[in-house]
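Asks: Generate coordinates for the entire structure from the input sequences, incorporating the hints supplied.
In my numbering, the protein residues as written are 1 to 172.
I should point out that these hints are in silico values taken from the structure, not numbers from a laboratory.
From the three backbone atoms N, C-alpha and C, an ideal C-beta is built for every residue, glycine too.
Incorrect hints may have been included.
With a straight-line cut-off of 30 angstroms between C-alpha atoms, the simulated DSSO-like cross-links for lysine-lysine are [to be verified]: (1) Lys108 to Lys82; (2) Lys89 to Lys58; (3) Lys12 to Lys59.
FRET-style restraints, in silico, Cβ to Cβ [stated by the list, open to error]: (4) Asp141 to Thr77: 21 to 27 angstroms; (5) Ala138 to Ala69: 28 to 34 angstroms; (6) Lys12 to Leu63: 35 to 41 angstroms; (7) Glu90 to Asp16: 46 to 52 angstroms; (8) Ala69 to Leu45: 46 to 52 angstroms; (9) Glu11 to Lys85: 53 to 59 angstroms; (10) Ala138 to Thr168: 20 to 26 angstroms; (11) Asp123 to Ser60: 28 to 34 angstroms; (12) Ser60 to Glu11: 27 to 33 angstroms; (13) Pro109 to Lys49: 48 to 54 angstroms.
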Amino acid sequence: MARYIFDSSFEKRLIDVCVESNSMAKAALTLGMNYKTLCFHAKRLGCFKVNQSGKGVKKSAKLPVSMAAIFSGSHPTYQPHKIKKRLLKEGFKHYACELCGLSEWMSKPIPLELHHKNGIKSDNSLANLELLCPNCHALTDNYRAKNIKKLSARMETFAVEPLKFGETLSSD
Numbered sequence: 001m002a003r004y005i006f007d008s009s010f011e012k013r014l015i016d017v018c019v020e021s022n023s024m025a026k027a028a029l030t031l032g033m034n035y036k037t038l039c040f041h042a043k044r045l046g047c048f049k050v051n052q053s054g055k056g057v058k059k060s061a062k063l064p065v066s067m068a069a070i071f072s073g074s075h076p077t078y079q080p081h082k083i084k085k086r087l088l089k090e091g092f093k094h095y096a097c098e099l100c101g102l103s104e105w106m107s108k109p110i111p112l113e114l115h116h117k118n119g120i121k122s123d124n125s126l127a128n129l130e131l132l133c134p135n136c137h138a139l140t141d142n143y144r145a146k147n148i149k150k151l152s153a154r155m156e157t158f159a160v161e162p163l164k165f166g167e168t169l170s171s172d
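Replies: Have a look at this one:
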């Protein structure tokens, strides 16, 4: 079994690193030593400190992803309910169904669902997102990933714009 013989300058450095580090694991990484070897010598030198699973160690704050990054496609797996909340909170959409215009039902706020117009759930561009009430959402061609293949074939054959709230068909 190999024994390490440290000179006084290394022992001083070991003590300094142990005092400055938040954990013994971080000190071992800093010194390039095995964790158990570091703990043995730290106990021998009286600078060992127990770190209870990172308690008291500040974690860096996660910065929120910008909406521009979500719209550009940099985050295709961003959670849809979080996108919906941020669309409403940051003023990109209003709390109303984009097809029927309802915002309340029986004097209570109507639940809105995030709808991807082209049926591709990873395409989070602003032009592809709609907030719909459950009734309008259930009537869409690609509701809950249904008929995506049929829809893509139909979209290639014609480009028909859906009616918006309040519009009527004209015989022109």
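Asks: Take the hints in turn and mark each one as holding or not.
Replies: Okay, the hints, checked on the actual structure:
With a CA separation close to 22 angstroms, the supplied pair lysine 108 and lysine 82 stays within the 30 angstroms bound. With a CA separation close to 29 angstroms, the supplied pair lysine 89 and lysine 58 stays within the 30 angstroms bound. Proximity of lysine 12 to lysine 59 is assessed by CA-CA distance (about 28 angstroms); at most 30 angstroms being required, the pair is judged to hold. Distance hint check for aspartate 141 and threonine 77: the Cβ-Cβ separation is about 24 angstroms, which falls inside the suggested range of 21 to 27 angstroms.
A hinted range of 28 to 34 angstroms holds for the C-beta pair alanine 138 and alanine 69, which are about 31 angstroms apart. Between lysine 12 and leucine 63, the C-beta spacing of about 39 angstroms keeps the proposed range 35 to 41 angstroms intact. The beta-carbon spacing between glutamate 90 and aspartate 16, approximately 47 angstroms, falls within the hinted interval of 46 to 52 angstroms. Between alanine 69 and leucine 45 the beta carbon distance is about 48 angstroms. The supplied range of 46 to 52 angstroms therefore holds.
Hint check: glutamate 11 to lysine 85, Cβ distance near 55 angstroms, so the stated range 53 to 59 angstroms holds. The hinted window of 20 to 26 angstroms between alanine 138 and threonine 168 holds, with their beta carbons roughly 23 angstroms apart. Taking the beta carbon of each, aspartate 123 and serine 60 are about 31 angstroms apart, inside 28 to 34 angstroms as hinted. Taking the beta carbon of each, serine 60 and glutamate 11 are about 32 angstroms apart, inside 27 to 33 angstroms as hinted.
A C-beta distance of roughly 53 angstroms is found between proline 109 and lysine 49, which places it inside the suggested range of 48 to 54 angstroms.
Hint compliance for this structure: every hint is met.
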